[in-house]
Amino acid sequence: MKRTAGLWLLIGLAAFCLLPWYDVRGSFWHFRWFDTLSTQDAPAILWAIGERPWLWLPLLGLILSAAALFLVKSPVKQAQALVISGALGLGLLIGQGLFVVGFGARATVFEGVTQPGMGMGAFVFAAALLFIITTGISGLGRGRGDAFITGMVGAIVALVATFVFYPMAFIFTSAFELRGGQGFGLTEFLPRFFAPDIWSLACVTGRGQCGVAVNSTLLGLATATGTTVMGLAFALIFTRTDFRAKRLLRVLTVLPIITPPFVIGLVLILLLGRSGTLTVFFGDLFGIEKTRWLYGFWGVWLAQMLSFTPIAFLVLIGVVEGVSPSMEEASQTLNANRWQTFRNVSLPLMRPGLANAFLLGFIESVADFGNPLVLGGNFNVLSTEIYFAIVGTVADPAKAAILSLILLSLTLTTFVAQRLWLGRKNYATVTGKADSGRNAALNPALRWTCYALALPWAAFTLVLYVLIVFGSFTRLWGYDHTLTLDHYRRAFNIVVRNGVHFTGAAWDSFFTTLSIAAIAAPLTAAVGLATAYLLVRQNFAGKNAFEFSTLLSFAIPGTVIGVAYVMAFNFPPIELTATGLILVICFIFRNMPVGVRGGIAAMSQLDKSLDEASSTLGANSFTTLRRVILPLMGPAILAALTYSFVRAITSVSAVIFLVSARYNMATSFLVGRVENGEYGIAIAYSAVLIVTMLAVIIALQLAIGRRKLRRTDRLETT
Amino acid sequence: MKGSVRFENVTKRFGAVTALKPLSLDIRPGTLVTLLGPSGCGKTTTLRLIAGLESASEGRILIGGQDVTHLSATYRKVSMVFQSYALFPHMSVIENVAYGLTVQRISKAQAHARAEVALETVGLKGFGARLPSELSGGQQQRVAVARAIVLEPEVLLLDEPLSNLDAKLRRHVREEIREIQQRLGLTAVYVTHDQEEAMAVSDRIIVMKNSEIAQEGTPFDLYDRPASSFIADFIGDANLIDVEVIAAGDSTEVAYLDRRLALPLASAATGPAKMVLRPHHVQLSREPGRQTVAAAVSYAAWLGNSVQYTLDSPLGTIFAITAPQAQTLRIGDTAHLGFDPADIRLVPA
Chain A
1 MKRTAGLWLL IGLAAFCLLP WYDVRGSFWH FRWFDTLSTQ DAPAILWAIG
51 ERPWLWLPLL GLILSAAALF LVKSPVKQAQ ALVISGALGL GLLIGQGLFV
101 VGFGARATVF EGVTQPGMGM GAFVFAAALL FIITTGISGL GRGRGDAFIT
151 GMVGAIVALV ATFVFYPMAF IFTSAFELRG GQGFGLTEFL PRFFAPDIWS
201 LACVTGRGQC GVAVNSTLLG LATATGTTVM GLAFALIFTR TDFRAKRLLR
251 VLTVLPIITP PFVIGLVLIL LLGRSGTLTV FFGDLFGIEK TRWLYGFWGV
301 WLAQMLSFTP IAFLVLIGVV EGVSPSMEEA SQTLNANRWQ TFRNVSLPLM
351 RPGLANAFLL GFIESVADFG NPLVLGGNFN VLSTEIYFAI VGTVADPAKA
401 AILSLILLSL TLTTFVAQRL WLGRKNYATV TGKADSGRNA ALNPALRWTC
451 YALALPWAAF TLVLYVLIVF GSFTRLWGYD HTLTLDHYRR AFNIVVRNGV
501 HFTGAAWDSF FTTLSIAAIA APLTAAVGLA TAYLLVRQNF AGKNAFEFST
551 LLSFAIPGTV IGVAYVMAFN FPPIELTATG LILVICFIFR NMPVGVRGGI
601 AAMSQLDKSL DEASSTLGAN SFTTLRRVIL PLMGPAILAA LTYSFVRAIT
651 SVSAVIFLVS ARYNMATSFL VGRVENGEYG IAIAYSAVLI VTMLAVIIAL
701 QLAIGRRKLR RTDRLETT
Chain B
1 MKGSVRFENV TKRFGAVTAL KPLSLDIRPG TLVTLLGPSG CGKTTTLRLI
51 AGLESASEGR ILIGGQDVTH LSATYRKVSM VFQSYALFPH MSVIENVAYG
101 LTVQRISKAQ AHARAEVALE TVGLKGFGAR LPSELSGGQQ QRVAVARAIV
151 LEPEVLLLDE PLSNLDAKLR RHVREEIREI QQRLGLTAVY VTHDQEEAMA
201 VSDRIIVMKN SEIAQEGTPF DLYDRPASSF IADFIGDANL IDVEVIAAGD
251 STEVAYLDRR LALPLASAAT GPAKMVLRPH HVQLSREPGR QTVAAAVSYA
301 AWLGNSVQYT LDSPLGTIFA ITAPQAQTLR IGDTAHLGFD PADIRLVPA
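First to last, the sequence lines map onto chains A and B.
Quick note: the first sequence uses the numbering used here, first residue 1, plus one each step.
Quick note: the second sequence uses the numbering used here, first residue 1, plus one each step.
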């Protein structure tokens, strides 16, 4: 404990005395601050001596910790002193940040003083104080005395607090804010909350429009059910049949994930819209009236099914594979036929996975922004309404906040119901005892049902993608089908003259998108899987609250988080708007829950005795994590990495609020092109993005590979 | 002292559930001690407390004379063989065995060399390159042992190591474990619910019941001087016959049915007690003799090297094992059962 705490003490001191305390806006990596100590880039110690003496306050915590470390002899008292002094320092740091803000003091004590947003120095300093606290906590015998575990818990709690709770607090307060900044109250909140345009059931009971909350719920249920069934069909075909084109199937189902948000909507319009190719073809053939059915519930549902079925497939493939063959064999020896085995053994074992897929599908659907935006028509859902409440002709943050609260309660309720239904059963099926055996094949009826569901779907998907490629090479879809490279030339032109110049319109956002996604993906996977590890494998005080906080970030839709980030990080103490960092952070906390869920699912199938064996063999929790857990979590890591990378590229809901001139993302570039009606260039850009993401996914697959636990993947041949 | 294990009033609670009542025990270095008891008796909890996989609610735990109560499993010099073996499925056999060494930053070459030796010790030379899933249950079990002993732990813990093996293999492997323990002079703590297994391998046995120690001693002690009817019945089979002690002291006189019997053993107090009569101490004959009791044979099983009988008698149901005789009693026959007073033990009622 002493060594760890001492190390963080030194780091904190160095941050205070050497690193630039305030946000230096990109100049940090040029090390310009090093020789211009009198400017904005000075470390805290110089500011404290000079015009901002309140910066001495947080240092007090560090000094007291040092005193505790060197003067207090009893280990327990020393640990207590470290916790208290660290917490004091951190509290003072946060306090001075919140009260002395850039646009003037909030408390009258500091009237008239200002300071910019915190920078590198402040954050390293805060981290040092945090880890002094957690080291102290481990010294008190919590987390089985493991400083690595308490540190991990502390770090995740701090990050979630800063980047989920802190911005969310802005949403909550503005829901109750009275018009014209006249304080807070319920007088405006209550009537707006219970308004009929949110809760009306008119579309169910009779004629008329349903409220947005009702629309979102119905859509969510329909999409979640559909994607779970389709995902299971695909997963069963993939793992339990001798279907020949499995690889193709996998690629096909992965494709929609790597598709930028508007493309599916666009192609659906071009195909099934009022003057779409298929509509015209069948309309002429059978004399069916050409309608605008696509613009509404069914259109959005179709697009969401195409978008989210692959996610269910990815979740369920691990679940189906995780069912121990010996259980199925046991069932068969008990004279159950293949259908009974599936119905009574395999399916119940997959239940948590199915619930997980359903939950994911519901929340994805409810939070989805791109598809309802393109195809919604008069069918309004919560996420788009929130967006229009912010960017519409009359900006109404209070309405956005109220709708966000509703959306949040919707997703939270689902989650709780799901957990009650699942109960607390133990589904561990990969034990330390090596398992060998064969997975039961499907009975013919089930197999053909799966084929009937999945194969036409796969074919439809294939057609869509062929059309994307085709569309990107045609001059003007539907009118002029001359093949052309114009769209690509405008987006991705390269001029080689005195070096290589990327003159195409899309290059800028393309490079930004890729680098931000590449930075965000491993961080997201790491935070997500670390959280999963803590939730599944460790016991610590406040674990339920910890679980709830990660759960909360799971339930926040992108639109909401985008609005919250703009509200929270537009001014000190944490000023991040118009940076690339805010995009990275947004992606991490927006996509982290998928890593958590995948990690939990994968980790609960690893027998705990593996961890215990590792620790009795002298490995600490870090080594156990690195050498035993992580290698066995290959598929989960792959899924988390892939998913977060791809989501960072294709995400639009939060991004649209956070992009800046310097850091423009591909999706917001696409929004611009779609708004201008430049469908050709939008589709061409999308095609390039798809190919890029596909290449990255294949590279990741090859790099991490499949786990090899059984001799071979043997399958009962029928 | 290196290799010793000592519990001082250790308790363990999981929430409101008491898994272990205040427990004190001493395990001498180089001995194999078995924790024996029915499931849920606290034996596995005790083992996990030694390993550091659970932390004690109260009390002190010392390993090798050093207080390890607050030390996590990682830093205790104990290693454990798990019931499920807990072999890392993604590592080859040699990597599994070398794991404990490599996490201590021992070079891979050296670790693998030592792992080879350990594999040779358990008779698995040449199996290093395989994956655990490519081994039989018995081989996996031996890999688990090799992985544990390669670290030369102060204490080797074995949690029902044989429960996943078939009966024949079980006897063979338990002999191997005992032989390795003796050869390496390891202190070993062994958890099982199988009393025969415990008797076969142990220097001492700690019998647990209801979260506390019922009795502790050498296998012979437990068998020959059971302290309670539970121990008498649990360690080797026993017929328990209700008696009244009418004279206590250096020699004892008991009354049962309408008889009185002098026993050549010391007893503390008069009053109700139970007489322990081991099945193979029951003498059966077709003719009545002195002090015999008439009984009806209700079940007879010929096992080749012995015959087992169940008899209905005024003493209750009596279980008897005799050497195979020329004239085997049959179901329904009347037999006269007797015993040598020197074979009788008394336990509290």
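Simulated from the structure, these hints should not be mistaken for laboratory data.
It cannot be assumed that every hint is accurate.
Sample of chain B residues facing chain A (criterion: CB under 7 angstroms; computed from the structure) [said to hold, decoys possible]:
no. : residue
1   : Tyr-99
2   : Val-103
3   : Ser-107
Idealized CB from N, CA, C, for every residue including glycine.
Results for each hint:
The beta carbon of B/Tyr-99 comes within 6 angstroms of a beta carbon in chain A, closer than 7 angstroms, and the hint placing it at the interface holds. The beta carbon of B/Val-103 is positioned within 7 angstroms of a beta carbon in chain A (closest approach about 4 angstroms), and the interface hint is therefore held. Look at B/Ser-107: its Cβ only gets to about 16 angstroms from chain A, farther than 7 angstroms, so that hint breaks.
Hint 3 from the earlier list is the only one contradicted by this structure; the remaining hints agree with it.
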